[in-house]
Amino acid sequence: MTSASSLVTALTEAGTTSSGEATLFWVLAPLMVLGALGLLFSRRTIHVAVSIAGVMVGLAILYVAQEAFFLGFVQIVVYTGAIMMLFLFVLMLVGVDASDSLVETISGQRWIGLLAGLGTGAVLVGIVTRASFAAPVGLEAANTDTNPVGVSRLVFGNYVLALEVVGTLLVTAALGALVLTHRRRLTRKVGQREIAEAKVAQGARLTPLAAPGVYARHNAMDVPALDPYGEPIEESVSRVLRIRGQEAAAEAFALQEDAEERAVPEDEWLTTTEDPDELEGGEQK
Amino acid sequence: MSVHTLTAARLPFADLAVPVAPSGPWQESAWLLVAVPLVSAAVLLLAGRRSDRWGHWLGVAASAASFVIGALILVSLLQAPVGERVVEVDLFDWISAGQLTLAAGLRLDPLSLTFVMLVTFVGSLIHVYSVAYMDADVDRRRFFAYLNLFVAAMLLLVLADSFVLLFMGWEGVGLASYLLIGFWNHRTEYAVAAKKAFIANRVGDLGLLIAMMAMFATVGALDFTSVFGAVGSMDTSTATIIGLALLLAACGKSAQFPLQSWLGDAMAGPTPVSALIHAATMVTAGVYLVVRSAPIYEAAPDAQLAVVVVGAITLLFGAIVGCAKDDIKKALAASTMSQIGYMMLAAGLGPVGYAFAIFHLVTHGFFKAGMFLGAGSVMHGMNDQVDMRRFGGLARYMKITWVTFGLGWLAIIGVPPFSGFFSKDKIIEAAFMPVAGAEWRAWLFGSVVLIGAGLTAFYMSRLFFMTFHGEKRWTTAAEGAEQHPHESPRLMTWPMVVLAVGSVALGGLLSIGGVFTTWLEPVVGHTEHADPVLPIPVIMASTLVLVLLGAFLAWRQYAASTVPQVAPAGSALTRAARRDLYQDEVNDAVLVGPGAYLTRSLVYGDRQVVDGAVVGVAHVTVGIAERVRKLQNGYVRSYAATMLAGAVVLLVVVLVTRI
Amino acid sequence: MSLTNYLVLSTLLFTIGTMAVLLRRNGIIVFMGVELMLNATNLALVTFSRMHGNLDGQVFAFFVMVVAAAEVVIGLAIIVAIFRTRRSASVDDVNLLRN
Numbered sequence: 125m126t127s128a129s130s131l132v133t134a135l136t137e138a139g140t141t142s143s144g145e146a147t148l149f150w151v152l153a154p155l156m157v158l159g160a161l162g163l164l165f166s167r168r169t170i171h172v173a174v175s176i177a178g179v180m181v182g183l184a185i186l187y188v189a190q191e192a193f194f195l196g197f198v199q200i201v202v203y204t205g206a207i208m209m210l211f212l213f214v215l216m217l218v219g220v221d222a223s224d225s226l227v228e229t230i231s232g233q234r235w236i237g238l239l240a241g242l243g244t245g246a247v248l249v250g251i252v253t254r255a256s257f258a259a260p261v262g263l264e265a266a267n268t269d270t271n272p273v274g275v276s277r278l279v280f281g282n283y284v285l286a287l288e289v290v291g292t293l294l295v296t297a298a299l300g301a302l303v304l305t306h307r308r309r310l311t312r313k314v315g316q317r318e319i320a321e322a323k324v325a326q327g328a329r330l331t332p333l334a335a336p337g338v339y340a341r342h343n344a345m346d347v348p349a350l351d352p353y354g355e356p357i358e359e360s361v362s363r364v365l366r367i368r369g370q371e372a373a374a375e376a377f378a379l380q381e382d383a384e385e386r387a388v389p390e391d392e393w394l395t396t397t398e399d400p401d402e403l404e405g406g407e408q409k
Numbered sequence: 008m009s010v011h012t013l014t015a016a017r018l019p020f021a022d023l024a025v026p027v028a029p030s031g032p033w034q035e036s037a038w039l040l041v042a043v044p045l046v047s048a049a050v051l052l053l054a055g056r057r058s059d060r061w062g063h064w065l066g067v068a069a070s071a072a073s074f075v076i077g078a079l080i081l082v083s084l085l086q087a088p089v090g091e092r093v094v095e096v097d098l099f100d101w102i103s104a105g106q107l108t109l110a111a112g113l114r115l116d117p118l119s120l121t122f123v124m125l126v127t128f129v130g131s132l133i134h135v136y137s138v139a140y141m142d143a144d145v146d147r148r149r150f151f152a153y154l155n156l157f158v159a160a161m162l163l164l165v166l167a168d169s170f171v172l173l174f175m176g177w178e179g180v181g182l183a184s185y186l187l188i189g190f191w192n193h194r195t196e197y198a199v200a201a202k203k204a205f206i207a208n209r210v211g212d213l214g215l216l217i218a219m220m221a222m223f224a225t226v227g228a229l230d231f232t233s234v235f236g237a238v239g240s241m242d243t244s245t246a247t248i249i250g251l252a253l254l255l256a257a258c259g260k261s262a263q264f265p266l267q268s269w270l271g272d273a274m275a276g277p278t279p280v281s282a283l284i285h286a287a288t289m290v291t292a293g294v295y296l297v298v299r300s301a302p303i304y305e306a307a308p309d310a311q312l313a314v315v316v317v318g319a320i321t322l323l324f325g326a327i328v329g330c331a332k333d334d335i336k337k338a339l340a341a342s343t344m345s346q347i348g349y350m351m352l353a354a355g356l357g358p359v360g361y362a363f364a365i366f367h368l369v370t371h372g373f374f375k376a377g378m379f380l381g382a383g384s385v386m387h388g389m390n391d392q393v394d395m396r397r398f399g400g401l402a403r404y405m406k407i408t409w410v411t412f413g414l415g416w417l418a419i420i421g422v423p424p425f426s427g428f429f430s431k432d433k434i435i436e437a438a439f440m441p442v443a444g445a446e447w448r449a450w451l452f453g454s455v456v457l458i459g460a461g462l463t464a465f466y467m468s469r470l471f472f473m474t475f476h477g478e479k480r481w482t483t484a485a486e487g488a489e490q491h492p493h494e495s496p497r498l499m500t501w502p503m504v505v506l507a508v509g510s511v512a513l514g515g516l517l518s519i520g521g522v523f524t525t526w527l528e529p530v531v532g533h534t535e536h537a538d539p540v541l542p543i544p545v546i547m548a549s550t551l552v553l554v555l556l557g558a559f560l561a562w563r564q565y566a567a568s569t570v571p572q573v574a575p576a577g578s579a580l581t582r583a584a585r586r587d588l589y590q591d592e593v594n595d596a597v598l599v600g601p602g603a604y605l606t607r608s609l610v611y612g613d614r615q616v617v618d619g620a621v622v623g624v625a626h627v628t629v630g631i632a633e634r635v636r637k638l639q640n641g642y643v644r645s646y647a648a649t650m651l652a653g654a655v656v657l658l659v660v661v662l663v664t665r666i
Numbered sequence: 072m073s074l075t076n077y078l079v080l081s082t083l084l085f086t087i088g089t090m091a092v093l094l095r096r097n098g099i100i101v102f103m104g105v106e107l108m109l110n111a112t113n114l115a116l117v118t119f120s121r122m123h124g125n126l127d128g129q130v131f132a133f134f135v136m137v138v139a140a141a142e143v144v145i146g147l148a149i150i151v152a153i154f155r156t157r158r159s160a161s162v163d164d165v166n167l168l169r170n
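Heads up: the sequence lines are chains A, B and C, in that order.
Throughout the first sequence, residue numbering follows the numbering used here, covering 125 to 409 in sequence.
Throughout the second sequence, residue numbering follows the numbering used here, covering 8 to 666 in sequence.
Throughout the third sequence, residue numbering follows the numbering used here, covering 72 to 170 in sequence.
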């Protein structure tokens, strides 16, 4: 308990905390409340998720400050590490939604919600502040064998049944999530074989499309490939480029018979990569 | 001198047979009488179209089985000594609630068995007849199911050993009657007729219910034995109330004044139904009720007088209406009403009349059912034409129908030696019996039944001659359909023949040596023969003269001279009679109009006050909900805000209350 | 400095997280608000642990973190799934409850 107690300031006799802990609290608490308020006022869900993750981290720090080391780390692992990440994944699935807006659609809901929420807060704060607590004991004694050991004694001792039940609950939840998100296949699965047979039946192209630039004298993305007869293959160029009209003229790179077109390969970037004469000679043979 | 001894001295029931336990297997299994047709009805209704092919024969078999069982019980009862001819079969403990404990049981005695034989015998014949009559109807199976239901309910009615069980049968026959009148309910007027019959019957049922409540209040029991045993200790006013309530019930079921309006419309049902239910059996249930409740009426002379008055009014009423109706079935219905008036009158006369009321009921069941079947046969041959002004001269074309109908006609107008003569003549004699302290009654009711006999002769002859004699007035092709009258199939004529034989011989056979009155004695008591105010030969002769006069007048007007094809305007009385003596109008003015007004004001009150309150609450709720609904805007964030606000409020409340 | 300051910071962060949940429409930001609320409570737990002189508070905070990890996995999977079908990450578009 040496390292642990040095990290955390113990309670004083009067039941108050040390000034170090107070500083930590007063720095963290406003930040956490601000982060939580993001839940109410932030327009974008992603911002909300990030600010809540921040609140979770703050909570983890406060747990550690309150001599709950095990719980603090579990908080980070489970909440910030798993749950909030799960939220982010779902956010990516769902995307931006009209419901993100802060405009209220149910008439009166805003006032009812505000009143009910503030009422809750008022009542709870009232209870907490007006309640008279006994002098805090502190966890010095309980954490004698370090906090995780103490917690695990309870979890695997007094609360072992609850642990088992909770374990079952987790397994059930996992299965439930599978069931809920399972989508039944409406059509038969189409495999490689089926695709090939369909192509043959249609008389469509059997081979893969030629890559752009194949057999051409240029291998840029906007240059069509050439077929064995030296004609350009239009489909080899990306559809987007074709629609945009950014396709290079295939003739420019086709077989050059006349002298003036032979001059074209003498561009410097072509000569650096290949020997145009050799290529041309090989084609002519 | 106490009332008790006085009534006991007056009552001829003091020596009535006490019920004994059943003996012999057939008496034990009397419940089968009801169960067999009931099960058959259930089978036919539940099996649905699957039983269409054999359903009608199952119905016939069930009815016939009941007849066989009834006959076996009758034989076993005849073998028993006279003192043991009232048998009570206990079935099960039925109702046990507070002070009331009631066992369901059957009472086998001469009266109920007479009815059992009449219902099952005539019923079986009509079942057979219906097989052919309803041949073309797609719903014949359902028809037979209802017929069997009726037979079961009617047997339950007459076999019951308590008023409650009787009431069950009473309602059952009402239901069957409703279902059968409205059998062709796709025609609105038939459905309305069924409803009318049902509602008129409900009024009567109310009377039976009141009577039962009064009995329970005074006697504390509802089985016949206890109630009749307690009559002696009942004061006269209670007995009168019970008697009048029972009379109301009888009026509803038997179409007696003032509840007679439904019977004419009930002819909307298929003709076999009219023959079985609305002529031979169900409508006579009122007479059965009065005769069965004889001890009560004996203790309530005023109620008894009311029965006689109701019978006399209906007798004349039905006869007058019958003279004017051109619809053959409605004329027969009016005749039924009138004949039941005879029975009621006889039943109201007391012990001198009970046996003859039942006697006339049995003979009437035969000849009236026979005539209804004859009318059905005529309709069958004439494309369902019912207007007698478009019949005429059918005697040549439908010989069997003509002969059987003619025998029924002779029987109902009381020509010796046919059945009606023996039964009706006895009633006329009984009506002339002097009543101590009220000589006028004998003269009044005697002359009423005499006039009734003359009128009966007139309208039945009119019906007979208009249908079977005179020139042909059939509808021609130009008017719609040309008529080709033909005799009905054998399945229809044979029941008519059997009933005609009964019309001819039954009255004579049963009155040889007073065998029928003796047979009924264990139930209705024995009376010493007294002398009517006029000598019997004089009564008989004047009856015959009036009958012949009525028949002659009818012959002169409807057989010997031309009958107009369209009814002439006629006198005011004729017009009134055609409209059932404005009975429907009177009902409308006295009951329906005020009832509708009351209903309307209730509806108004309901709309303005009750609905106003309800609708107001609903409006307020909707208003609140409209505002609250805005909170349910489907936005998760909005819900979250609400939750948070709630949590804050809760927290504050907890804090404030704790601090 | 009193340890209460840590607690006040914790409540402030919690309140800000809450308001983010209520006021922002982007599901991912709302989710981050939730995470901030969890972290704020963790800070309070750690402070309480120090006050009481035992490590249970830290163990609680540890479990909160693990559960939060599971929650994040599922929550983000849901956001992704919704985004796939609705092309939106707005929580207001998910209002099938309304009709």
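These aren't lab readings, by the way, just hints derived from the structure by calculation.
Using N, Cα and C, we set each Cβ at its ideal position, and we do this for glycine too.
Any given hint might turn out to be false.
Stated by the list, open to error - Pairwise CB distance ranges (calculated):
| id | chain 1 | residue 1 | chain 2 | residue 2 | range |
| --- | --- | --- | --- | --- | --- |
| 1 | A | 288 | C | 158 | 29 to 35 Å |
| 2 | B | 660 | C | 158 | 40 to 46 Å |
| 3 | C | 158 | A | 369 | 31 to 37 Å |
| 4 | B | 630 | C | 72 | 40 to 46 Å |
| 5 | C | 158 | A | 270 | 50 to 56 Å |
| 6 | B | 628 | A | 294 | 45 to 51 Å |
| 7 | A | 303 | B | 641 | 22 to 28 Å |
| 8 | A | 303 | B | 663 | 44 to 50 Å |
| 9 | B | 635 | A | 270 | 55 to 61 Å |
| 10 | A | 213 | C | 124 | 36 to 42 Å |
| 11 | B | 635 | A | 303 | 33 to 39 Å |
Hints versus structure:
no., hint, result
1, A:288 to C:158: 29 to 35 Å, "41 Å, violated"
2, B:660 to C:158: 40 to 46 Å, "44 Å, holds"
3, C:158 to A:369: 31 to 37 Å, "35 Å, holds"
4, B:630 to C:72: 40 to 46 Å, "57 Å, violated"
5, C:158 to A:270: 50 to 56 Å, "51 Å, holds"
6, B:628 to A:294: 45 to 51 Å, "49 Å, holds"
7, A:303 to B:641: 22 to 28 Å, "26 Å, holds"
8, A:303 to B:663: 44 to 50 Å, "47 Å, holds"
9, B:635 to A:270: 55 to 61 Å, "58 Å, holds"
10, A:213 to C:124: 36 to 42 Å, "41 Å, holds"
11, B:635 to A:303: 33 to 39 Å, "37 Å, holds"
The earlier numbered hints that this structure contradicts are 1 and 4.
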